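Participant: With the hints as extra help, turn the sequences into a complete structure.
The primary structure of each chain is shown beneath.
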Amino acid sequence: MSRERNLLSGRGNAVIAVLALVFLYSPIVTLVALSFNENELTTIWSGFSWKWYATVIDNDAILRATKNSLIVATIATLLATSVATAAALGVARSSSTHRGTVEGLLSLPLLVPEIVSAVALLVLFVLSGIPLGLLSVTLAHTVFCIPFAYYPIRSRLAGLDPVLIEAAADLYAPPWQRFVRIELPLLSPGIFAGALLSFISSLGDFVITYFVAGPGATTLPVYIFGMIRTGVTPEVNALSAIFLLASVALITIAFLVTKRVADAARTRPAP
Amino acid sequence: MKSVRTRDLALTAPAVLYLALFMIAPLLLMLYVSTLERAPFGGVLWDTHTSVAYEKLLFERDFAGKLSFNGDYIAIFARSFRLAAITTLLTLVVSVPTALYMTTVSRRRAAFILFLVTVPFWTNLLVRNFAWILILRNGGALDQGLQWLGLTKQSLDILYTPLATGIGLTYSFLPFMILPTYVALERIDKRLIEAAFDLGATRRRVLSRVVLPLAMPGILAGAILVFIPCLGAYVSPELLGGGKSMMIGNLVQSQFGASRNWPFGAALALMLVAVLLLTLLVWRLVQARMARRQP
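Going down the list, the protein sequences come from chains U and G. No gaps in the numbering here: position 137 of the first sequence is 136 in numbering that gives the first Met the number 0, and each next residue is one more. No gaps in the numbering here: position 10 of the second sequence is 9 in numbering that gives the first Met the number 0, and each next residue is one more.
Simulated from the structure, these hints should not be mistaken for laboratory data. As the structure is a prediction and not an experimental result, all values here were calculated from the model. Here a beta-carbon is modelled for each residue, glycine too, at the ideal position from N, C-alpha and C. Some hints here could point you the wrong way.
[Stated by the list, open to error] Where chain G lies over chain U, by a calculated footprint (3+ residues, C-beta under 8 Å):
1) 84-94
2) 116-128
3) 139-151
Facilitator: Listed below in structure tokens is the structure:
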């Protein structure tokens, strides 16, 4: 540890850092703990039980909502990732004006408040006659999935050695083969991370879905919101806990993949 | 200037077209809807243009058609601003020491803390805010904990107040502040800090005169990342705030839901976007000024 590290360290900072982590995790821990509460009244602990998990699994409406969520997330991820990969390749060697315009447009879904996008898309769907259902939800999710997919792919592409592509061209690989055999495999960790982030954000979206779903296309977050509205039962806790743990698992995978790629890049000899 | 190659245009076209169709077009449509008149039973009259939706932001029309000032909506905008500003400040106060701590531990441990900070951000916003209901409501986890410790006897009555909304917002957006602050602190040339110490500066002085000014662009970036989503927040005030701490997001929602006043809802949504653009503009100016001041 270098000297300046020691000089700047103070006990107060460490205490606040620990408190910040406690603050970030206490709701998650509380929720998971209460999901095992046997008691019907969520606030009074009366014993450990798996029974609320059993009612979640038995609930057909939850099963349908899960299916809807997975269908929407899968299609939106595939759409967004392909569109974002193409865009990342398109700006890679392009002029900075072109890149600036494209990236400005791409960052809009993250900049405009969700509630504004939600009502704007609702108006668009109603006026253009697109029925509110799985189709409208998928179209809407693809909008904010595109930037989530784009940025990891773009940063992976920026870290690639252009010499590799040039070498392939020198060896007479046709453009299509250069793409499939060289660029795509090298990009794949970025594409994977981008796809996973789109998938997670699609699964988790509530506000936009709430507006454009219509009655037939309830997704898991919209269903959970309905449950919270009608009164908090331990079943919501169990369902939320499953949902939380699933997203934690997904984000851990995304993190490990990016880390492995970054480590591999660090150990590679510099050109 | 080099012209853009056809290949590059073709590759970016799908993304650009998609966002033009499902991001730009809906916003323009909102602009159009905001100039229309509301139909008697919800919906809009397509051929009558009025400025009623914008008048309604400030004025109220009585039965005789007379306009009088109405501060209700401005109050909601002001409350949203206040809550967003307080939240930004709170996340700042927590993030700077946390990020400072992260720069003083080993790289491995810092990466692990970074991971721990990122994970909640990726878990579902609705579920995380719902968890606060379990903690904050009367007889909830917080009450039980405090009563067990003998610190309080009665419920704190925090849920469904602006305080609960503030807690929810701070919780939701804290990672947005910690990450850029840490990145900015980590990037500082460590020799500058060493030099300051060698020249006899105290720890406090090194922090206030060297470290914080150098990290300020990153800290400001974090502040804007927290402030913007806070201003348009919907989930936290909806679940935790109750009726008395409605924010702009909830007001917009109610115009498209229960009130069925699309033109007014569209006008409100556009005002929100306008306020955000203005905030971004001010931020850019501050940033540019700081960049000029630093060599």
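Participant: Indicate, hint by hint, whether the structure satisfies it.
Facilitator: Okay, the hints, checked on the actual structure:
A stretch counts as covered by a chain when three or more of its residues have a beta carbon under 8 Å from one of that chain; for the segment 84-94 of chain U and chain G the count is 8, and the coverage holds. Check result for the segment 116-128 of chain U against chain G: holds, 8 residues qualifying (beta carbon to beta carbon below 8 Å, three or more required). Given as covered by chain G, the segment 139-151 of chain U passes the check, having 5 residues with a CB less than 8 Å from a CB of that chain where 3 are the minimum.
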